[in-house]
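Given chain U, work out where chain G should sit, using these hints.
This is what each chain is made of:
There are 2 protein chains.
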Amino acid sequence: MQTIKYLLHDDDLPRHYLNILPLLPQALAPPLDPQTREPLDPGKMEAIFPMGLIEQEVSVQAEIPIPDEVRDVYALYRATPLIRARRLEKALGTPARIYYKNEGASPAGSHKLNTAIAQAYYNKQAGIGRLVTETGAGQWGTALSMAGTFLGLDVVVYMVRVSFDQKPYRRAVVETFGGDICASPSDKTQIGKRIRAEKPDTSGSLGMAISEAIEDAVGTPGSKYALGSVLNHVILHQTVIGLEAQKQMELAGDYPDVVIGCHGGGSNFAGIVLPFLRDKLNGRDVRFVAAEPRSCPTLTEGEFRYDFGDTGGMTPLLKMYTLGCDFVPPSIHAGGLRYHGAAPIVSHLLHHGLIEATALGQKEVFDAALTFARAEGVIPAPESAHAIRAAIVEAERAKLEGRERVILFNLSGHGHFDMAAYSRYLEGGMED
Amino acid sequence: MQTIKYLLHDDDLPRHYLNILPLLPQALAPPLDPQTREPLDPGKMEAIFPMGLIEQEVSVQAEIPIPDEVRDVYALYRATPLIRARRLEKALGTPARIYYKNEGASPAGSHKLNTAIAQAYYNKQAGIGRLVTETGAGQWGTALSMAGTFLGLDVVVYMVRVSFDQKPYRRAVVETFGGDICASPSDKTQIGKRIRAEKPDTSGSLGMAISEAIEDAVGTPGSKYALGSVLNHVILHQTVIGLEAQKQMELAGDYPDVVIGCHGGGSNFAGIVLPFLRDKLNGRDVRFVAAEPRSCPTLTEGEFRYDFGDTGGMTPLLKMYTLGCDFVPPSIHAGGLRYHGAAPIVSHLLHHGLIEATALGQKEVFDAALTFARAEGVIPAPESAHAIRAAIVEAERAKLEGRERVILFNLSGHGHFDMAAYSRYLEGGMED
Numbered sequence: 002m003q004t005i006k007y008l009l010h011d012d013d014l015p016r017h018y019l020n021i022l023p024l025l026p027q028a029l030a031p032p033l034d035p036q037t038r039e040p041l042d043p044g045k046m047e048a049i050f051p052m053g054l055i056e057q058e059v060s061v062q063a064e065i066p067i068p069d070e071v072r073d074v075y076a077l078y079r080a081t082p083l084i085r086a087r088r089l090e091k092a093l094g095t096p097a098r099i100y101y102k103n104e105g106a107s108p109a110g111s112h113k114l115n116t117a118i119a120q121a122y123y124n125k126q127a128g129i130g131r132l133v134t135e136t137g138a139g140q141w142g143t144a145l146s147m148a149g150t151f152l153g154l155d156v157v158v159y160m161v162r163v164s165f166d167q168k169p170y171r172r173a174v175v176e177t178f179g180g181d182i183c184a185s186p187s188d189k190t191q192i193g194k195r196i197r198a199e200k201p202d203t204s205g206s207l208g209m210a211i212s213e214a215i216e217d218a219v220g221t222p223g224s225k226y227a228l229g230s231v232l233n234h235v236i237l238h239q240t241v242i243g244l245e246a247q248k249q250m251e252l253a254g255d256y257p258d259v260v261i262g263c264h265g266g267g268s269n270f271a272g273i274v275l276p277f278l279r280d281k282l283n284g285r286d287v288r289f290v291a292a293e294p295r296s297c298p299t300l301t302e303g304e305f306r307y308d309f310g311d312t313g314g315m316t317p318l319l320k321m322y323t324l325g326c327d328f329v330p331p332s333i334h335a336g337g338l339r340y341h342g343a344a345p346i347v348s349h350l351l352h353h354g355l356i357e358a359t360a361l362g363q364k365e366v367f368d369a370a371l372t373f374a375r376a377e378g379v380i381p382a383p384e385s386a387h388a389i390r391a392a393i394v395e396a397e398r399a400k401l402e403g404r405e406r407v408i409l410f411n412l413s414g415h416g417h418f419d420m421a422a423y424s425r426y427l428e429g430g431m432e433d
Numbered sequence: 002m003q004t005i006k007y008l009l010h011d012d013d014l015p016r017h018y019l020n021i022l023p024l025l026p027q028a029l030a031p032p033l034d035p036q037t038r039e040p041l042d043p044g045k046m047e048a049i050f051p052m053g054l055i056e057q058e059v060s061v062q063a064e065i066p067i068p069d070e071v072r073d074v075y076a077l078y079r080a081t082p083l084i085r086a087r088r089l090e091k092a093l094g095t096p097a098r099i100y101y102k103n104e105g106a107s108p109a110g111s112h113k114l115n116t117a118i119a120q121a122y123y124n125k126q127a128g129i130g131r132l133v134t135e136t137g138a139g140q141w142g143t144a145l146s147m148a149g150t151f152l153g154l155d156v157v158v159y160m161v162r163v164s165f166d167q168k169p170y171r172r173a174v175v176e177t178f179g180g181d182i183c184a185s186p187s188d189k190t191q192i193g194k195r196i197r198a199e200k201p202d203t204s205g206s207l208g209m210a211i212s213e214a215i216e217d218a219v220g221t222p223g224s225k226y227a228l229g230s231v232l233n234h235v236i237l238h239q240t241v242i243g244l245e246a247q248k249q250m251e252l253a254g255d256y257p258d259v260v261i262g263c264h265g266g267g268s269n270f271a272g273i274v275l276p277f278l279r280d281k282l283n284g285r286d287v288r289f290v291a292a293e294p295r296s297c298p299t300l301t302e303g304e305f306r307y308d309f310g311d312t313g314g315m316t317p318l319l320k321m322y323t324l325g326c327d328f329v330p331p332s333i334h335a336g337g338l339r340y341h342g343a344a345p346i347v348s349h350l351l352h353h354g355l356i357e358a359t360a361l362g363q364k365e366v367f368d369a370a371l372t373f374a375r376a377e378g379v380i381p382a383p384e385s386a387h388a389i390r391a392a393i394v395e396a397e398r399a400k401l402e403g404r405e406r407v408i409l410f411n412l413s414g415h416g417h418f419d420m421a422a423y424s425r426y427l428e429g430g431m432e433d
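Residue numbers (the working numbering), protein chains in the order written: chain U, 2 to 433; chain G, 2 to 433.
Same shape as in the complex, but just chain U:
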């Protein structure tokens, strides 16, 4: 029997997160205070985040211990499997060896649980009893609700309206895990009411939902805000993906020529990439590709400049690739990738030529999703299917060039709550 799964036992789970900040050749541009345009005093973030997370946001320590209580919850589902996609290789007739890390094996269905548990933990440590957040496709809202249940915090979720409507069962999932959820923009916040008055038919956006969640968190005693991507501490928590993948690639006796992730805010991409990027900074030859939707081409067509993380201008200014904080992306099915900005860490890496980005059409992405599902038996989230498509492009290039290539991609989540999009695709009604 050919080995295709590379498992790790609980004792081999990472004990530290990897903080890439102190290892970067050039320093990351700091967030700015929107009033003064001066580097933000980290203490000012305490209105929305607990100090444990703020410290991680600006830490210069390369390895940050994972608390035992967090590791205990990780053990429910980590290490996620690393799979050699032999059936996909065969279907493509490629000489490439394709591996994927299956974060869809998380009980929340995606990688988002990795940071949700850590954020719930540090908020609980700070005495917080209620977390408020936004969600695009619903993966993040699901993950934070689950983490809240595990650690004993209430969770409130503002879900981008178009996704809320496209995915009727996400609400039931979040509620099954005990979270409260509503469509955004809503009537529960001032900013939500203002947006609805100005644009009554808006489909919503992550930027709007972030503004609502922050307003709610700041205005409700005992509450903090939780963000599912973009910020340094979120990406820090996601490095468990790449750290595990490194050990698992060792078990497989292989090393990737290229590491691929889909890109919305940047957390799953950076999560799998950063541990391998550390190798690259130490001289290893390895490429990194961020796959984003052509309809929201932040990395490939955005400007690299300071901008707000939300629509309402409530966040600090972040130096990042951006389409402008007022940009409302089309209602594509990969709702988790509909974000005007990009993580400052990912933006910095792209700006300095350490990673590449590619923009993909919705149709080719769903073609790739079907090819993958039929070969490997896993229905990917539409977001994750961007990574699959980019991996297939690499594999086809290897075939054309007639040479081996080792491809590793992150399957950030499963698509079990995205079947309305698959129905549409199967009926031939998918827009490109």
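Just so you know, these hints were derived from the structure itself, not from any lab. The structure presented is a predicted model; accordingly, all values stated were derived computationally and were not measured. Each hint should be verified, as a subset may be incorrect.
Identical chains blur together in the list; that is why a pair holds if it fits in one copy or across any two.
Unchecked claim - EDC-like, lysine to aspartate or glutamate: derived pairs with alpha carbons at most 16 Å apart: (1) Lys320 x Glu39; (2) Lys6 x Asp73; (3) Lys45 x Glu428; (4) Lys200 x Glu70; (5) Lys125 x Asp155; (6) Lys91 x Asp73; (7) Lys400 x Asp13; (8) Lys91 x Glu405; (9) Lys6 x Glu357; (10) Lys400 x Asp368; (11) Lys320 x Glu58; (12) Lys400 x Asp258; (13) Lys400 x Asp188; (14) Lys364 x Asp433.
Relative to chain U, chain G alone:
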């Protein structure tokens, strides 16, 4: 960190299925030819099954090798995890140690893939290009579609109408894996047309869908029928669950006092139970509990007698607990448990006092599902939640008695495509 997951590596996957037939103290009553009422000539089953499966149906060999090609596909997802449900134990405040085998980790979402792959394999060996089947909740139709894709066979699925309507996305799942699916009773078969003429508003039943699938298979050249439960060869394939669980319980350093599975046709229940039953026949003290819905109480209120496996009277007569082959169960949400009969093997064990059965109400089952989801982070299929409820009853009894008890149950599948039922429960509209 406390260990909670017990994993097996590919090399430790079972190499044989366990055939319980030659180990039973009393012989199983044979299927009868409905015309002659004499024991059925196995050769007569060749109209609907390939010889490889018929041989397994009547084999007297206790260990039957798993073909390499089947093991290669199993390796995509097996061994499934055995989990110590420490968080559930804590939530219940029980001294019991609770373990569950998570068959929901299969890419098809349930244990059904175990037999689907084997059945597709033996049909392919026999030169069959098209498999026809029925599905209740949709788990079996999904699994057979996936197996068909993996092994290169076309798959046609007749889905019980009430489930087809309750679960709009099951269709998309089956189609994503390349299967054809329609609601049953349909207009595609004579029996389907006849039932629709007699009962235009029928919600359908597994018995009706089986009749349609058999008619289609028998009438279409190059086709065979595939059954997802009940028969000996199906149960044979499911013993990989219990065989793995035995090795994993050894890793955990524990042995169950009671093994629990939900019961519809009997395959997931028998799959986890039979390897432990072999131990019981060798003198080990262990109990077995089959959990069925109170609205379809085959084992607890049915008669033990010969009956047809389907509504149309097309199958051989099977000696089993039955509510009568014309019984149409109420439209409960655990559609996979809506079957008038029970596997002859399970019926035989119950009749001879080797196992117990319990009937549970829908409301208490969904209460258990929510308790489990919030404790363990896994949303169970409504079918599997019957096993959870029965496990909780055992755990609460252990608490009352103030003593330890080791409980093992099979989580036969996840509930990701059952969120409409969860929505209803969360809104307070669940019927008992």
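Status of the hints after comparison with the structure:
1. When the C-alpha separation of Lys320 and Glu39 is checked against a cutoff of 16 Å, the pair qualifies only within one copy, where the shortest distance is 13 Å, while the shortest distance between copies is 82 Å.
2. For the identical chains of this complex, Lys6 and Asp73 are inter-copy neighbours only, at 11 Å across copies versus 23 Å inside a copy, given an alpha-carbon limit of 16 Å.
3. In this homomeric assembly, Lys45 and Glu428 never come within 16 Å of each other (Cα to Cα): the closest approach is 51 Å inside a single copy and 41 Å across copies.
4. Neither within a single protomer nor between protomers do Lys200 and Glu70 lie at most 16 Å apart by alpha-carbon distance, with minima of 44 Å and 58 Å respectively.
5. For the identical chains of this complex, Lys125 and Asp155 are intra-copy neighbours only, at 11 Å inside a copy versus 53 Å across copies, given an alpha-carbon limit of 16 Å.
6. In this assembly of identical chains, Lys91 and Asp73 lie within 16 Å of each other by CA distance solely across copies; the values are 14 Å between and 38 Å within a copy.
7. For the homomeric pair Lys400 and Asp13, neither the shortest alpha-carbon distance inside one copy (35 Å) nor that between copies (35 Å) is at most 16 Å.
8. In this assembly of identical chains, the alpha carbons of Lys91 and Glu405 lie at most 16 Å apart only when taken from the same copy (14 Å versus 51 Å across copies).
9. For the identical chains of this complex, Lys6 and Glu357 are neighbours neither inside a copy (28 Å) nor across copies (38 Å), given an alpha-carbon limit of 16 Å.
10. With identical chains, the CA atoms of Lys400 and Asp368 are never at most 16 Å apart, being 19 Å at best within one copy and 53 Å at best between copies.
11. Taking CA atoms no more than 16 Å apart as the test, Lys320 paired with Glu58 passes inside one copy only; the shortest distance there is 15 Å, against 67 Å between copies.
12. Taking the shortest Cα distances, Lys400 and Asp258 sit within 16 Å of each other inside one copy (15 Å), while across copies they are farther apart (55 Å).
13. Taking the shortest alpha-carbon separations for Lys400 and Asp188, neither the intra-copy value of 54 Å nor the inter-copy value of 47 Å comes in at or below 16 Å.
14. In this assembly of identical chains, the alpha carbons of Lys364 and Asp433 lie at most 16 Å apart only when taken from the same copy (5 Å versus 44 Å across copies).
The structure does not agree with the numbered hints 3, 4, 7, 9, 10, 13 stated previously, though it agrees with the rest.
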